[in-house]
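Let chain A serve as the given structure and place chain B on it in line with the hints.
Protein chains in written order, with this note's numbering: chain A, 5 to 232; chain B, 5 to 232.
Bear in mind the hints are in silico, worked out from the structure with no lab data behind them. No experiment lies behind these values; they were computed from the predicted model shown. Among the hints, erroneous ones may be present.
Since the list can't tell identical chains apart, any single copy or any two copies may satisfy a pair.
Okay, derived cross-link-like pairs now, DSS-like style, lysine-lysine, Cα gap no bigger than 30 Å in a straight line [what the hints assert, rightly or not]:
no., residue 1, residue 2
1, Lys215, Lys182
2, Lys174, Lys96
3, Lys215, Lys174
4, Lys193, Lys215
Spelled out, the chains give:
2 protein chains.
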Amino acid sequence: MSGPIAILGGTGPQGRGLALRWARAGQTVIIGSRDGSRAQNVAQEINQKVGSGAQITGAENSAACAHANVCVLTVPFEAQAELLKQLKPALKPGSILIDATVPLAASVGGRPTRVLGVWQGAAAQQTAELVGKGVTVVGAFHNVSAELLKGDAEVDCDVIVCTDDDNARKVASDLAEKIPGIRAVDGGKLENARIVEQITGLLITLNIRYKVHSAGIRMTGLPIRPGA
Amino acid sequence: MSGPIAILGGTGPQGRGLALRWARAGQTVIIGSRDGSRAQNVAQEINQKVGSGAQITGAENSAACAHANVCVLTVPFEAQAELLKQLKPALKPGSILIDATVPLAASVGGRPTRVLGVWQGAAAQQTAELVGKGVTVVGAFHNVSAELLKGDAEVDCDVIVCTDDDNARKVASDLAEKIPGIRAVDGGKLENARIVEQITGLLITLNIRYKVHSAGIRMTGLPIRPGA
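With the rest of the complex left out, here is chain A (with noise of 0.2 Å):
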């Protein structure tokens, strides 16, 4: 990954957590939002907080995907469409959009520990639907707290990565272990990111429940390396 990552929405909490991760691995970071100047001003932020050496800068949506190879999309699912359809023109053929949305309930009023039915099954294949074929989608980063991307300990989750696409599946778990703690898992296709989004929805049960804004996941009994 040589290349910059926009983060579009990125000036949320999952946007901003992933952005300060990301940059302090070293990695170019560009932050999207639909207001170019929030967004340099959220980079800025991130700026002072990695220090010297630090590759992260704002731009309007648009601006931000035109400029990348690989973007994350971290809005909230009632700006997933709208957002999209406007970026279709910007998105590179052979680019790779690594979609985070979680089609909470609250996106249209409801509890956000519900989750709503999406047509095409995930969220993340409305999203291959509206940016049609030369852009590979995958879905993953649904499951990390941004609570504890903002801090500085290890993350201590699993990232399952869902798509069709193996080497987009590697891209996207390169990114996930460059932050500390965490482990990429592969989830298959894209179709099982309606699993692992509606996983989130319980993560805020638990949350809720237990209290916390930490709540995770990992996978046990897989031959791979442990998590942290």
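Okay, now just chain B, sitting in the frame of chain A:
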């Protein structure tokens, strides 16, 4: 938990595995099956595995059910509704029914990595509708590898317990933690079982992709004792 546990549809891999582990823990277990003599044979097999002191018998499902205040349902989804209609008169008022059913698409000839939509939301909610009031339903034990249960080693996974009743949650959680290695996690309301049920589809994907039979989950970031 002084009384016996009935494991309905208990001659399959999941039922046998739970029976073995609970019998080892000193619990009295009644294996239930459509065919009472088959249940008795399986009970005898498990008896021999556990050795002296094991309290495990077999009976036809309704008879098993009539002798227990806690029943565990481990039938394939395609057998769930029919069995429950048949058992309704035998289920005691005030009893607890722990449902481990997963609505795998394999039930209707589809892939085991895919899950069916259930009208009520979760298979466990369908159960609650079918047994009617007076019987408390819990969704649990969906994500425990039958392959690990049948062995001797600690089982490296959490059991997420979903129910609307605090006492029933305690009963199911205590049963889960009688199995070495397993940790019970409070998964909130019964309706959340729909997410936990679906996780099993993902675990089957992981088993296939990683060529194992042992995939499981642990929740992280919770202020309770970590798993084994």
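A quick look at each hint next to the structure:
no., hint, in the structure
1, Lys215 to Lys182, "both (28 Å within a copy, 26 Å between copies)"
2, Lys174 to Lys96, "within (19 Å within a copy, 53 Å between copies)"
3, Lys215 to Lys174, "between (35 Å within a copy, 19 Å between copies)"
4, Lys193 to Lys215, "between (33 Å within a copy, 16 Å between copies)"
Consistency note: the structure conflicts with none of the earlier hints.
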